[in-house]
Each structure stands twice: as structure tokens, then as C-alpha cells.
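Participant: Chains as they are written, first to last, in the numbering used here: chain A, 321 to 425; chain B, 144 to 725.
These are calculated hints, taken from the structure and not from any lab test. Just to be clear, a hint being listed does not mean it is correct.
Below, simulated BS3-like cross-link-like pairs (lysine-lysine); rule was C-alpha separation at most 30 Å, straight line [said to hold, decoys possible]:
#1 B:K464 - B:K510
#2 B:K238 - B:K221
#3 B:K452 - B:K616
#4 B:K535 - B:K616
#5 B:K221 - A:K397
#6 A:K398 - A:K339
#7 B:K221 - A:K339
#8 A:K397 - A:K367
#9 B:K603 - A:K398
Ranges between beta-carbon positions, derived for each pair [to be verified]:
#10 A:L382 - B:K221: 16 to 24 Å
#11 B:F512 - A:S386: 32 to 40 Å
#12 B:D381 - A:E414: 32 to 40 Å
#13 A:F337 - B:K221: 26 to 34 Å
#14 B:A304 - A:E363: 31 to 39 Å
#15 B:D235 - A:K418: 45 to 53 Å
Backbone N, C-alpha and C define an ideal beta-carbon position, used for all residues, glycine too.
Residues per chain are reported as follows:
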Amino acid sequence: MTEQRGVTDGGDCNGDFYKLRLYVTGASPNSSRAISNLRDICEKHLKGKYELEIIDVYQQPLMAESEQIIALPLLIKKFPSPERRMIGDLSNTEKVLKGLSLAES
Amino acid sequence: MTKVNNKNKTVFHHKQISKTLTGIAGLDEITGGGLPTNRPTLICGEAGSGKTLFSLEFIVRGAIEFNEPGVFMAFEEKTEELALNVASLGFDLKKLQSEKKIKVDYVQVDRSEIEETGEYDLDGLFIRLGYAIDSIGAKRVVLDTIESLFAGLSNLGILRAELRRLFQWLKDKGVTAIITGERGDGPSLTRQGLEEYVSDCVILLDHRVINQISTRRLRVIKYRGSVHGTNEYPFMIDEDGISVLPVTSLSLQKEVSSARLSSGIPSLDKMLGGKGFFIGSSILVSGTAGTGKTSIAASFANETCNQNKRCLYFAFEESPKQIIRNMKSIDMELQQHVDKGLLQFRASRPTLHGLEEHLVVIHKLVKRFKPQVVILDPITNLITVGSVSEVKSMLVRLIDFLMEEQITVMFTALTLNTVVSEQTDEGVSSLVDAWLFVRDIEFNGERNRGMYIMKSRGMKHSNQVREFIITDKGIDLVDVYLGPGGVLTGSAREAQKLHEKTGVVLRDNALSMKDREIDRKRRVLESKIASLQTEFESAEEELNKIYIEEELIKKVSESNIREMTRLRRGEREADGNKGRKK
Numbered sequence: 321m322t323e324q325r326g327v328t329d330g331g332d333c334n335g336d337f338y339k340l341r342l343y344v345t346g347a348s349p350n351s352s353r354a355i356s357n358l359r360d361i362c363e364k365h366l367k368g369k370y371e372l373e374i375i376d377v378y379q380q381p382l383m384a385e386s387e388q389i390i391a392l393p394l395l396i397k398k399f400p401s402p403e404r405r406m407i408g409d410l411s412n413t414e415k416v417l418k419g420l421s422l423a424e425s
Numbered sequence: 144m145t146k147v148n149n150k151n152k153t154v155f156h157h158k159q160i161s162k163t164l165t166g167i168a169g170l171d172e173i174t175g176g177g178l179p180t181n182r183p184t185l186i187c188g189e190a191g192s193g194k195t196l197f198s199l200e201f202i203v204r205g206a207i208e209f210n211e212p213g214v215f216m217a218f219e220e221k222t223e224e225l226a227l228n229v230a231s232l233g234f235d236l237k238k239l240q241s242e243k244k245i246k247v248d249y250v251q252v253d254r255s256e257i258e259e260t261g262e263y264d265l266d267g268l269f270i271r272l273g274y275a276i277d278s279i280g281a282k283r284v285v286l287d288t289i290e291s292l293f294a295g296l297s298n299l300g301i302l303r304a305e306l307r308r309l310f311q312w313l314k315d316k317g318v319t320a321i322i323t324g325e326r327g328d329g330p331s332l333t334r335q336g337l338e339e340y341v342s343d344c345v346i347l348l349d350h351r352v353i354n355q356i357s358t359r360r361l362r363v364i365k366y367r368g369s370v371h372g373t374n375e376y377p378f379m380i381d382e383d384g385i386s387v388l389p390v391t392s393l394s395l396q397k398e399v400s401s402a403r404l405s406s407g408i409p410s411l412d413k414m415l416g417g418k419g420f421f422i423g424s425s426i427l428v429s430g431t432a433g434t435g436k437t438s439i440a441a442s443f444a445n446e447t448c449n450q451n452k453r454c455l456y457f458a459f460e461e462s463p464k465q466i467i468r469n470m471k472s473i474d475m476e477l478q479q480h481v482d483k484g485l486l487q488f489r490a491s492r493p494t495l496h497g498l499e500e501h502l503v504v505i506h507k508l509v510k511r512f513k514p515q516v517v518i519l520d521p522i523t524n525l526i527t528v529g530s531v532s533e534v535k536s537m538l539v540r541l542i543d544f545l546m547e548e549q550i551t552v553m554f555t556a557l558t559l560n561t562v563v564s565e566q567t568d569e570g571v572s573s574l575v576d577a578w579l580f581v582r583d584i585e586f587n588g589e590r591n592r593g594m595y596i597m598k599s600r601g602m603k604h605s606n607q608v609r610e611f612i613i614t615d616k617g618i619d620l621v622d623v624y625l626g627p628g629g630v631l632t633g634s635a636r637e638a639q640k641l642h643e644k645t646g647v648v649l650r651d652n653a654l655s656m657k658d659r660e661i662d663r664k665r666r667v668l669e670s671k672i673a674s675l676q677t678e679f680e681s682a683e684e685e686l687n688k689i690y691i692e693e694e695l696i697k698k699v700s701e702s703n704i705r706e707m708t709r710l711r712r713g714e715r716e717a718d719g720n721k722g723r724k725k
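All chains should be modelled from the sequences, with the hints used to inform the complete structure.
Facilitator: Dropping the structure here:
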């Protein structure tokens, strides 16, 4: 599960701090929706304790291979572990929260 | 490659869709030049039917032989695994990758770590593929097997739409693509119905086990805009990759040669019009067990190598060492030819492969070794692998192939049936150009070998049965004795010869005895004649004597009468005369 990863987890051990990475393709409808949906969720549930990196795969095609990207948009929760991956425009908030291990709160 | 081009010229006269050579032996011939250029081709088959290898070979050959870089997108195996798997075929994926000739991209699809949270597309895949293609200028792409996506992603609607888009995109990209798909249950060719999307060319790989022997087969199900072979073609995977055998190529339009090749047995050559077999002909040596078929074959091989020609010997019964040892006993040193590289043995049990794979093996070795003579010893054993009709069809193709290559082939076949007219010999007897038949002649408490030439096309040949003798010095044929007692061989023949010799002596003796007797008889006769002559003379003398006496008496009596008359002159003359006259 981890051997193909080019990017390793950061050394930050703050249990509540979230490192999120969202891969999109330019300004496609799905991508735009995903970005706004994610922003909403983060503002609501993770305010002040997350770091979001948005990457346009068109700009960095090598990322697609190293990160094993197939479907886009893709959200990867890098931290806290376990790493989780979510695809789609993130319109299903319930699933996103579950993926971010925030479903209970 | 030239062959393929020739085929194109002869078979296809009209303008064709452009094709991309795969470099896979045989496939290009079946498809008349390869896969459709710039279009996706679907290769489907069950698990283990060779799809991955097939498509990988397409990429590697493209990169090495045709200078067309390729991208291999693997959904099932990791790059390292793939490299390891094909290293045994001599493909160095690492090296090719570092030379930027190919690119292998492993796509990991794992459902458990993917949560679907809404609408998405496969742009990630497109970008990866697009980048890979552009980075090395790829002309060939393989997606192996894209169906894995169906396992990882659950939204079928999106997937299908995206796949359709992907294949169109590949066409637009100008790459020749292979998509592999696992064969599903039921009538559909692939589990996910990929054939709906990829409709230009579909190739089905199959792996069947019949009588515990597996044969791989390939069939071009569809090839839009092109003529293609529709049969099932056997193929095999070995250390050189995949070889497909186009089996029904041949149109009986091969070159023929009138040059001859000695059989290695001078007396056999003599039977064959004095020169031996035609080059490029096929010879069948059949006979019952232990009649020396292998010896004939080995002597042919030996002679070929003595003439500095190459010979390829397929042994299905004995190991090369065994043959070499056995042939040493009849004064044939095969080892020296092996050392010189003129003779190559290939020994395998018939059950090692299916029949078709044997054919492929023979094909390949012949192509590689380029022999002038091929020997198969014996073909009968192939029956254990297939049915008679299968063996026959295989041999037909083999003979055709070898004839086309101007290679002389000798088969040996064991016959169980001693009635010659009922011989079928796997049905090849009608195909071969020359048929030598060796049989046992059991007579007088011993077993001898007799050989006849059943047929030999296009040359004068002896119709005589010859006795076939295997000695320390090699093989020889001698005339059998045809005497009043019928055909005699072996010691009976020798005995008959001796017998004849005695006969001659006796007759000579008898003759001289008769001569002497005649001589004696003649002498007896001659002496008899002499005695008769004397007898005759004495009888004659006797007769003469009486006659003379009578004359004398007559004379004397007349003179007496005259005397008397003279004495009694006068009175008694008349009485005396009358009385005397009375």
C-alpha cells in the first residue's frame, strides 16, 4: 500500500492537524465543485487545523504516476494516518466526513 | 519479414487499412501485416492464456525491431514483477526503459482505499497515459487489463462512458493500442463487454487441455477492413516469446529442385535411379519394430553431414547420446558432426507438448538452424498426443513448410500392420515423395529384413525387394535370392548359394562321367562296326566262293561233256546229248 508512494508523511505529530491534498484537473466542472465542497467541509469541521494543498494534475503530470492517480478529482488525507483517498466531487458530505474520520463529531 | 511482405503482395491487391507489424512470429502472417495502425485491438482470453505476454511482446518487439516506442500500462502486475516475468524471454525491460524505448506504468486499483464521494472522471488515467506517450514518443500502447478498473470503481455509468472516451482518445492520439480483457462467462468475450468499445480488431486466446496436454490457440475473431485468417492457430510460449503458426498457408506453389541427395547407403541410391533422393522431397521410412528405421535415418543424417550440410534430427524415442552410441556400433560417428555443429539433435517426448506446439518447435528450430535435412524419428509416437487425423494435418503442414524451405525431410514410422496394402502410416504415405518400406521376412527360423521402395516420385526406381543388412561396417542392401523356393534371405540365401555351388561341382562331375561313357560307347560301337564289317567281308567272300565254285563247276562240267563227247564221237553222240540235256 505504501511502496509506490513518492511523497512521505511529514514529521508533524500534532494529532489534530490535518494535511489534505486535492488533485484536480484545471477548472473542469467536477474540479470546481470538489474544491468548493472541500472548502465548505473544512471550514465547518476543521477550521484552523488543516492544511490544504490543491494540485492541478495537468500541470504536474508526473504526480499522476507517483501518486497512483486514476480518477479525478482525488482527495488524499495525508495526515493523520491512516492515509485515505476519496474520489469524486466530494458532494456526498457524509462519505467525505467518514473518510476524514470526522463522522462522529 | 520479407515473407510477410510477399504475402501482402500476393494476397491483398486492394488498398488496405494500414497495419502495424507486431513482430510476433506468425501473427503478422495471419493478420496480413499486423494489427490495425492507430486503432485499439482487443485481446481476450481466460486467465493464463497469455494475454499479458502477448501484449508485452508487442511492445518490446515494437521497440526493438521497429523502432516504435511503446507504453505498457499494467493494472495487474507491478513493474518489477513484469520485468522479472519476461526476463526469461530475454526481454530486458529495465534497459529498454532506461533507453526510453518503452515505459511501463503500474496502475494500482484498490477499491478498499478509494471512497467515491460524487461525480468523477478518469482524467488521471488520461493524463498519465498522455504523459507517458508524449515522454517517449510512443506509437504503441497496451492497457493490461483495463477491466481491473471495474473492480476498483463502482460507478459503471461513469466507467463505461470514460472507457469509450479513452478508446476514442487513443485513436486520436495516433497510437496502436492493445487492450486485454479477461474472458467472461457466457457468450460475451470479456467480462465487462469491452468488445463493445473496441471493435476494430478482436483476437481471442484460448488454452485448452485435451488428453492432459494443453494447447494454446489463437483466433482472430474480427478484423474490420481487412482479410484475415479465421482459423484457430496454435501458438506457444517459450524462451523466445510467442510463436503463432499460420497453419493453412500453403498453396502448393513451391519451388522444386531436381538436384539429388545421397541417402548414405550406396546400394539404396542405386535403387533410386543411382543418385538418391530429390532435394526438398519428403521421405517416409516405415516398418515394423526393429527393422532398422533409425539406422536408415541416421545414415542419411551422417551422409548429409559428411557433405558439409546441416541436419536437424528430432528424436521422439531415444536420447541423442543413445542414438550416437547405437550408431557407433554400425560404424557411424555422429558425434564428430555434432561437434562440428553440422548435426543437431532435438530429443523430446511427444507428450511434452501438444501436437501443434511440436510443430511450432520444429518450425522455429528449422528457421534458426537452417538445415538442409530434417529427420523425425519416429512420427508414430506423435499419435500419443493427438488423434490420427490431427497428426496427419500436422504432418501435412510440416511437409508443406519444409518443402517451401527446400529442406529434405525423412520420417520414420512404426507400422504394426504388416499387410502393406493396408498401411496408412498416419496417412502421410500419400503425401510423401518417396516411401521406403522395411519389413521382416521370417523364414526358416530366422528373421531378416527386406526393403522395398513403395514409391519414389519422379525417378526411376527399382521394384525389387532387397535384403537389408546391418553390419559393423554400416548398412547394405543385397539382392535377395529368388529361386524356385521363392524369396530367400539371410542364411537361407547363403545356404542356397552354397547349395548351388555344390550343384555346379556335381554337375561338372556328372558331365565328365557322361562324356567318358559316350566315348566308351563310341569305341564299343566302332569295334562292333569293325567286326560286322569283317563278318560282312567273310559272308561276301563265302558268297563269292559259291558263285566261283558254280562257275568253276559249270566250266568244268562243260569241258567234261565236251571231253566225253569227243571221246564218244560217233555212235553214242545223239543219245548222249539227249540224255545229258534231260
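Participant: Please go over all the hints and tell whether each is borne out by the structure.
Facilitator: Hints, one by one, checked against the model:
| no. | hint | verdict |
| --- | --- | --- |
| 1 | B:K464 - B:K510 | holds (24 Å) |
| 2 | B:K238 - B:K221 | holds (17 Å) |
| 3 | B:K452 - B:K616 | holds (23 Å) |
| 4 | B:K535 - B:K616 | violated (36 Å) |
| 5 | B:K221 - A:K397 | holds (24 Å) |
| 6 | A:K398 - A:K339 | holds (5 Å) |
| 7 | B:K221 - A:K339 | holds (28 Å) |
| 8 | A:K397 - A:K367 | holds (16 Å) |
| 9 | B:K603 - A:K398 | violated (89 Å) |
| 10 | A:L382 - B:K221: 16 to 24 Å | holds (18 Å) |
| 11 | B:F512 - A:S386: 32 to 40 Å | violated (48 Å) |
| 12 | B:D381 - A:E414: 32 to 40 Å | violated (55 Å) |
| 13 | A:F337 - B:K221: 26 to 34 Å | holds (33 Å) |
| 14 | B:A304 - A:E363: 31 to 39 Å | holds (33 Å) |
| 15 | B:D235 - A:K418: 45 to 53 Å | holds (46 Å) |
Going through the hint list in order, the structure does not satisfy hints 4, 9, 11 and 12.
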